[in-house]
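Colleague: Protein chains in written order, with our numbering: chain A, 2 to 138; chain B, 2 to 138; chain C, 17 to 95; chain D, 17 to 95.
Treat the hints with care, as some may be off.
[As the list claims (entries may be wrong)] With a straight-line cut-off of 27 Å between C-alpha atoms, the simulated DSS-like cross-links for lysine-lysine are: (1) 115/A - 127/B; (2) 72/C - 61/A; (3) 117/A - 8/A.
[What the hints assert, rightly or not] Calculated Cβ distances over 10 Å to all of chain B for the following chain A residues: (4) 24; (5) 30; (6) 49; (7) 103; (8) 137.
[What the hints assert, rightly or not] Listed next, the stretches of chain B that the computed footprint assigns to chain D, with coverage defined by at least 3 CB atoms under 8 Å from CB atoms of chain D: (9) 39-51; (10) 79-93.
Bear in mind the hints are in silico, worked out from the structure with no lab data behind them. Where a beta carbon is used, it is the ideal one built from N, C-alpha and C, also for glycine.
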Amino acid sequence: MIKITEKPIDVQKVIDTASSLNAGAVNVFIGTVRSKAHGKNVVWLEYESYESMTVAEIRKIIDEASHRWPLLGWAVSHRIGTLKPGEVSVVVAVSSPHRKESFEACQYIIDEVKTKAQIWKKKYLKTGRNGFQQAHK
Amino acid sequence: MIKITEKPIDVQKVIDTASSLNAGAVNVFIGTVRSKAHGKNVVWLEYESYESMTVAEIRKIIDEASHRWPLLGWAVSHRIGTLKPGEVSVVVAVSSPHRKESFEACQYIIDEVKTKAQIWKKKYLKTGRNGFQQAHK
Amino acid sequence: MKLKIKTFGITRDILGGRLVEIEISQPTVSLLRSELTRRYPDLENLNSLFVAVNNKYADESEELSSTDEIALIPPVSGG
Amino acid sequence: MKLKIKTFGITRDILGGRLVEIEISQPTVSLLRSELTRRYPDLENLNSLFVAVNNKYADESEELSSTDEIALIPPVSGG
Chain A
2 MIKITEKPID VQKVIDTASS LNAGAVNVFI GTVRSKAHGK NVVWLEYESY ESMTVAEIRK
62 IIDEASHRWP LLGWAVSHRI GTLKPGEVSV VVAVSSPHRK ESFEACQYII DEVKTKAQIW
122 KKKYLKTGRN GFQQAHK
Chain B
2 MIKITEKPID VQKVIDTASS LNAGAVNVFI GTVRSKAHGK NVVWLEYESY ESMTVAEIRK
62 IIDEASHRWP LLGWAVSHRI GTLKPGEVSV VVAVSSPHRK ESFEACQYII DEVKTKAQIW
122 KKKYLKTGRN GFQQAHK
Chain C
17 MKLKIKTFGI TRDILGGRLV EIEISQPTVS LLRSELTRRY PDLENLNSLF VAVNNKYADE
77 SEELSSTDEI ALIPPVSGG
Chain D
17 MKLKIKTFGI TRDILGGRLV EIEISQPTVS LLRSELTRRY PDLENLNSLF VAVNNKYADE
77 SEELSSTDEI ALIPPVSGG
């Protein structure tokens with residue numbers, strides 16, 4: 002499952018999608034919006050995606066991961082739209098026979114998603130009493 | 002939170018316990034009962050724990066992990082009693098500012114729990130039509 | 017020829033819209049890039065800027081038509 | 017002196033019970049270990065066997081009393 006969604010991500014559902022009866026291990030990475038960035042308070046974030054390219058790019062990443070590790074199940078869900086601190090922005094879950102490969106594959110996938118998927122975030126930071134600042138990183 | 006429990010583990014609750022508003026990353030390891038072991042079908046597993054020692058041992062493991070990585074939250078839950086294939090036996094969740102350290106700390110904790118915590122599993126395997134076999138590994 | 021350019025991330029701020037029209041005769045990716053940086057010099061400050069045509073990263077020599085879906089891909093920042 | 021021994025994992029199968037009583041005079045961990053392997057030779061097949069006294073792994077020379085909580089810790093297999 003590859004999902005780009007404006008709705009809050011149901012983490013348990015992502016885990017269930019990635020699970021397999023033959024697996025002994027599931028590794029899950031959850032990205033959350035930090036309350037601080039660049040030394041300032043984050044008021045909210047906006048994520049947008051070029052969805053058609055993003056889904057194809059993530060599919061390539063998963064194909065490569067499946068080639069490298071014996072994955073039995075996987076799921077990637079990325080939130081877009083407006084997110085507040087503490088909210089979940091991305092969930093990657095993979096299952097495999099043994100634990101080592103589940104850690105390696107999950108880390109590979111999230112590293113690749115962060116550097117390759119066509120998704121952009123814009124941070125809205127509080128500066129002083131009434132000031133705002135936008136940051137594209 | 003360190004929990005040794007006979008009840009099914011609520012994975013989302015373990016994740017929530019480990020989460021932090023200052024964290025950007027949560028890594029979660031979920032151990033599940035495989036349907037096959039030693040080339041045979043697993044009918045069920047029994048886990049037992051020397052609970053007082055187990056809790057102290059896991060606390061030591063967490064202390065060491067907190068010393069090595071900037072953990073903002075953590076939770077470990079291990080099931081005991083009778084488990085069927087597909088059921089969750091253990092969940093480790095940690096949160097940290099950035100993702101790399103969340104993977105490293107989570108993997109360290111589960112590796113240590115598996116080799117040091119005073120928990121034992123006994124597998125009940127199906128052999129032939131009516132046969133059963135027990136295995137302590 | 018009139019090209020419609022989709023913008024994402026910081027390129028939307030720089031170009032000032034989600035979909036920007038640009039007129040270029042016999043356009044290629046390379047010519048589009050020159051025209052864009054002439055009009056919007058801030059694009060040169062980006063660490064990278066790819067042009068996607070019909071959902072694929074395009075070579076500089078690729079020819080463009082008015083029916084192509086063209087998009088600017090600045091450095092990504094998902095996760 | 018009568019010692020009560022808690023068993024876990026495969027040691028429960030070998031000793032045949034959750035709590036086994038053993039009579040030893042002036043007992044130490046080392047003497048307990050000898051007495052147990054004499055009665056239950058299968059214990060020698062284990063890759064490791066620790067003795068815990070009052071929830072701590074004990075040295076071989078540690079003296080034991082009838083009020084101690086004594087447990088046999090074979091190789092663990094959690095996770």
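Colleague: Assess, step by step, whether the Cα of residue 117/A is no farther than 27 Å from the Cα of residue 8/A, and give holds or violated.
Modeller: 23 Å, holds
Colleague: Tell me whether the statement that chain D covers the segment 39-51 of chain B is true, taking a Cβ distance below 8 Å and needing three residues at minimum.
Modeller: Holds: 4 residues of the segment 39-51 of chain B have a Cβ under 8 Å from chain D.
Colleague: Residue 49/A: least C-beta distance to chain B exceeds 10 Å?
Modeller: 19 Å, holds
Colleague: Would you assess whether residue 30/A, listed as outside the interface, keeps its beta-carbon beyond 10 Å of every beta-carbon in chain B?
Modeller: Per Cβ check, residue 30/A is inside 10 Å of chain B; nearest 6 Å; violated.
Colleague: Does residue 72/C pair with residue 61/A here, judged by a C-alpha cut-off of 27 Å?
Modeller: 13 Å, holds
Colleague: Okay, the segment 79-93 of chain B and chain D, do three or more residues pass the C-beta test at under 8 Å?
Modeller: As far as the segment 79-93 of chain B goes, the hint holds, because 3 residues have Cβ atoms under 8 Å from chain D.
Colleague: Hey, is residue 137/A genuinely clear of chain B, shortest beta carbon separation above 10 Å?
Modeller: Answer for residue 137/A: holds, closest chain B Cβ roughly 17 Å.
Colleague: Is it the case that residue 24/A keeps its Cβ farther than 10 Å from each residue Cβ in chain B?
Modeller: Residue 24/A is in fact no farther than 10 Å from some Cβ atom of chain B, at 6 Å.
Colleague: Holds or violated: is the Cβ of residue 103/A farther than 10 Å from all Cβ atoms of chain B?
Modeller: For residue 103/A, whose nearest Cβ neighbour in chain B is about 7 Å away, the distance does not exceed 10 Å, so it is violated.
Colleague: Under the criterion that the straight-line Cα-Cα distance not exceed 27 Å, is the pair residue 115/A, residue 127/B satisfied?
Modeller: It is violated: about 45 Å lies between the C-alpha atoms, which goes past 27 Å.
Violated hints, listed in ascending order, are 1, 4, 5, 7; each of the other numbered hints is respected by the structure.
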